[in-house]
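Note that the protein sequences, when read in sequence, are chains R and C.
Under the working numbering, residue 404 is the last one in the first sequence; the count climbs by one each step, no gaps.
Under the working numbering, residue 404 is the last one in the second sequence; the count climbs by one each step, no gaps.
Don't read these hints as lab results, they were simulated from the structure.
Check before you lean on any hint, since a few could be wrong.
Restraint-style ranges between C-beta atoms, simulated for each label pair [to be verified]:
| hint | chain 1 | residue 1 | chain 2 | residue 2 | range |
| --- | --- | --- | --- | --- | --- |
| 1 | C | Ala361 | R | Asp358 | 52 to 60 Å |
| 2 | R | Leu117 | C | Glu364 | 37 to 45 Å |
| 3 | C | Ile113 | R | Glu364 | 52 to 60 Å |
| 4 | R | Lys102 | C | Thr356 | 32 to 40 Å |
| 5 | R | Asp335 | C | Gly20 | 28 to 36 Å |
| 6 | C | Thr356 | R | Gly380 | 31 to 39 Å |
Below, a list of computed lysine-lysine pairs in the DSS-like style, where the Cα atoms sit at most 30 Å apart [as the list claims (entries may be wrong)]:
| hint | chain 1 | residue 1 | chain 2 | residue 2 |
| --- | --- | --- | --- | --- |
| 7 | C | Lys291 | R | Lys55 |
| 8 | R | Lys393 | C | Lys338 |
| 9 | R | Lys24 | C | Lys393 |
| 10 | C | Lys167 | C | Lys82 |
| 11 | R | Lys104 | C | Lys154 |
| 12 | R | Lys255 | R | Lys163 |
| 13 | R | Lys367 | C | Lys247 |
| 14 | R | Lys393 | C | Lys291 |
| 15 | R | Lys166 | R | Lys104 |
These numbers come from a predicted model, not from an experiment.
We put the beta carbon where it would ideally sit given N, CA and C, even for glycine.
Protein chains: 2
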Amino acid sequence: MPELHLLSPAGFRAAGVYAGIKTKHQPDVGLLLCDRPATAAAVFTTNKVFAAPVKVGRAHVKAGKLRGVVVNAGNANACTGKQGERDALRMCEIAASVAKCKKKEILPSSTGIIGHLLPMPKLERGIVEAGQYLGDSLEHANLFAAAILTTDLKRKAAATSFKIGKKTVTLAGVCKGSGMIGPRMSLAGPHATMLAYLTTDAAIAAPVLRKLLEASSDNSFNAVTVDDHTSTNDTACILASGASGAKVSSPKDVKTFATALDEVCRSLAYQIAADGEGATKVVAVTVRNAKTEAAAKAMARAIANSPLVKCATHGNDPNWGRIVSAAGLAGVPFDPDKCQLTLQGTIVFRAGRPITFDPNAVSESMKTPEVKVDLDCRAGKGTATIWTCDLSKDYVTINADYHT
Amino acid sequence: MPELHLLSPAGFRAAGVYAGIKTKHQPDVGLLLCDRPATAAAVFTTNKVFAAPVKVGRAHVKAGKLRGVVVNAGNANACTGKQGERDALRMCEIAASVAKCKKKEILPSSTGIIGHLLPMPKLERGIVEAGQYLGDSLEHANLFAAAILTTDLKRKAAATSFKIGKKTVTLAGVCKGSGMIGPRMSLAGPHATMLAYLTTDAAIAAPVLRKLLEASSDNSFNAVTVDDHTSTNDTACILASGASGAKVSSPKDVKTFATALDEVCRSLAYQIAADGEGATKVVAVTVRNAKTEAAAKAMARAIANSPLVKCATHGNDPNWGRIVSAAGLAGVPFDPDKCQLTLQGTIVFRAGRPITFDPNAVSESMKTPEVKVDLDCRAGKGTATIWTCDLSKDYVTINADYHT
Chain R
1 MPELHLLSPA GFRAAGVYAG IKTKHQPDVG LLLCDRPATA AAVFTTNKVF AAPVKVGRAH
61 VKAGKLRGVV VNAGNANACT GKQGERDALR MCEIAASVAK CKKKEILPSS TGIIGHLLPM
121 PKLERGIVEA GQYLGDSLEH ANLFAAAILT TDLKRKAAAT SFKIGKKTVT LAGVCKGSGM
181 IGPRMSLAGP HATMLAYLTT DAAIAAPVLR KLLEASSDNS FNAVTVDDHT STNDTACILA
241 SGASGAKVSS PKDVKTFATA LDEVCRSLAY QIAADGEGAT KVVAVTVRNA KTEAAAKAMA
301 RAIANSPLVK CATHGNDPNW GRIVSAAGLA GVPFDPDKCQ LTLQGTIVFR AGRPITFDPN
361 AVSESMKTPE VKVDLDCRAG KGTATIWTCD LSKDYVTINA DYHT
Chain C
1 MPELHLLSPA GFRAAGVYAG IKTKHQPDVG LLLCDRPATA AAVFTTNKVF AAPVKVGRAH
61 VKAGKLRGVV VNAGNANACT GKQGERDALR MCEIAASVAK CKKKEILPSS TGIIGHLLPM
121 PKLERGIVEA GQYLGDSLEH ANLFAAAILT TDLKRKAAAT SFKIGKKTVT LAGVCKGSGM
181 IGPRMSLAGP HATMLAYLTT DAAIAAPVLR KLLEASSDNS FNAVTVDDHT STNDTACILA
241 SGASGAKVSS PKDVKTFATA LDEVCRSLAY QIAADGEGAT KVVAVTVRNA KTEAAAKAMA
301 RAIANSPLVK CATHGNDPNW GRIVSAAGLA GVPFDPDKCQ LTLQGTIVFR AGRPITFDPN
361 AVSESMKTPE VKVDLDCRAG KGTATIWTCD LSKDYVTINA DYHT
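Looking at chain R on its own, in the form it has when it is part of the complex (with noise of 0.2 Å):
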């Protein structure tokens, strides 16, 4: 069986191209087009100071409708006042001109710097060569989910194919986000620059595909955290062309759905953690049994976002106290003398009292591409998992120098 990807769903055409946005010679402008009026949902950030794009996209996918996505990297087009929204605009409509649809049909995406405006000339000329180059192959995905990228060192994609009835639908997905990363999106709200496209040709009611992808979200992008600045421009899109004939309408069509489309944003947001910016491992932060879900979410990303947490994982170094008092300092209830702390398999901390355990085992077994945190507080039901990654100095050297 060929690969999947982002255009193995049928319908479904993309391109990337360099329009000299981005100061490196790589591909900084993205097309995806459907080949029909696409049934569409997307989350944006909650963000009070959300990009311009966003702004025009929320109005645009409103209707539920979409013919296609226009994006750009390298320079995010938030701050940047009235012109900002009229540059969105126009990106929308030279998309339209190419897909021969209405400007309305398309979401506008940036990311990259805030505050300046968007260099429209170079761009104008981008959408339109991207035009020229629509593909539906492995190599038109992979250059559009190049163009999306940023500080990202890798491409980001996830793909999966199910049984609808007799009917094979394939969902998949691209993503970006390295930076400025703790997605908090919504439907109705802004969040980080993590940016998001899902293709898939099933057929599927604009309702039920906005409160499937607002759950998804909320079990994936937004349980990443990089380093917890929800940005301007976050963007999860997904576009349903219809063109497999299988209708996702019956309950347990809908569920099977919803656990691929779960898969794949989870596989994409994984991805993110992965590669977020100096990170050289993944920390995987579970809280379980907490009072409520809500409690293990918030305690799960308290232990996330502390630099002390993250720099010690990077250190491999078994400082299990700084994982336990973050989780004190959520603002939720939370009794230590009943929890228990599990850290890459090794009981070190239980009933308030520190577990003997072997500090340079624990240290040994640190050093792998996922450190496991577990920390199971016994007193209700509620879990939770989110996803960061390591402090490094390589962090530093990203964000002390990116602007000048």
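Given the coordinates of chain R, assemble chain C onto it according to the supplied hints.
Positioned in the frame of chain R, the structure of chain C alone reads:
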């Protein structure tokens, strides 16, 4: 006039000795005693995970009378269960035998690594030894101030004197704090390890002292963040000997005292930011004219805690988009179209749009011991300042290898 210090207020003696708890041969046990029952107040961390000495200290200060403080550095006595509590009480017992008072008249503190039982034989000998070296000279004050340090590079002290009627009152303090700094102390609760001890020879009632300490802490210690990791051990304690004979009770005198207390606490807090782990400069974030003071605080804290903002400051990078977007993620009302952002005196963003400025000149202006970030929201009358420091590679070095 001789230099004022912790032991300038009449009635206090202190000592700092090396008991072998720290790995480096530096003072690690401190004793601060008052020659009579002092009026006392203290605020403690609001972390749900609080150390044994915090539990004991909270109980001991309740009556509003203390004879002194016993403190060790190098071991936090946190996450140590019932044995930890017994050890904290034992510290008080030995200090009380030196002071010839009850153990409940002593407040214990510990700072250092979490999750290890105190080395009691060493510590007990240290406290007894400290009792033999008590004195009220500047050197004694300096030894006590040194005995509470962990990753701090500098001792921290501040003092002032003022008139109450015709009598001169002295108020002084020392503190420690460099990492695990994000204090949110209150009379009720727990937050980062910062420790602060204040002395005064004013005569003042305990309920008044409590109220004043809480108010001063809110705008000083609780306005500092290095890593926003509220510690298990944060404590600020003030002892009033009354030895000056000056009674602070009229509203006017209380106000005079409060102003002096604010001054000393703010000086101490600032010194914590300046000595933050790996810090090369202070970042003073002021948010003014927000809808409420709470909103101003939330935004200032979000800006101060963003690793992206902290790294940019370290690299003298006027990347103001990170600042504005951090304000937007604080979860409080904020309209970027109304606000104005000033970086080291240069306006960089106004009314939702970038302002043209010379990035090299602003970058040059950031090469200074204190970078001023000023966000004017033009939405109300709430104003707050939060102090933090930049994020350097040294921060990672210090924290990736603290334990092992």
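Going down the list of hints, with the structure as the test:
Roughly 55 Å separates the CB atoms of Ala361(C) and Asp358(R), a value that falls within the hinted 52 to 60 Å. Between Leu117(R) and Glu364(C) the beta carbon distance is about 25 Å. The supplied range of 37 to 45 Å is therefore violated. Roughly 20 Å separates the CB atoms of Ile113(C) and Glu364(R), a value that falls outside the hinted 52 to 60 Å. Here the CB-CB span from Lys102(R) to Thr356(C) is close to 36 Å, well matched to the stated 32 to 40 Å.
The beta-carbon spacing between Asp335(R) and Gly20(C), approximately 34 Å, falls within the hinted interval of 28 to 36 Å. Hint check: Thr356(C) to Gly380(R), Cβ distance near 55 Å, so the stated range 31 to 39 Å is violated. The suggested pairing of Lys291(C) with Lys55(R) holds, with an alpha-carbon distance near 24 Å, which does not exceed 30 Å. Proposed proximity of Lys393(R) and Lys338(C) is contradicted: the alpha carbons are some 37 Å apart, above 30 Å.
Straight-line distance between C-alpha atoms of Lys24(R) and Lys393(C) comes to about 26 Å, which keeps the hinted pair within the 30 Å bound. With a C-alpha separation of about 47 Å, the suggested pair Lys167(C) and Lys82(C) falls outside the 30 Å cut-off, and the hint is violated. Only pairs whose Cα atoms come within 30 Å are accepted, and Lys104(R) paired with Lys154(C) is rejected, the gap being roughly 60 Å. For the proposed pair Lys255(R) and Lys163(R), the alpha carbon gap of about 12 Å is at most 30 Å, so the pair holds.
Straight-line distance between C-alpha atoms of Lys367(R) and Lys247(C) comes to about 62 Å, which puts the hinted pair past the 30 Å bound. For the hint pairing Lys393(R) with Lys291(C), the CA-to-CA distance comes to about 38 Å; that exceeds 30 Å, so the pair is violated. For a cut-off of 30 Å, the pair hint linking Lys166(R) to Lys104(R) is broken: about 35 Å separates their Cα positions.
In terms of the numbered hints stated before, the structure departs from hints 2, 3, 6, 8, 10, 11, 13, 14, 15, listed from lowest to highest.
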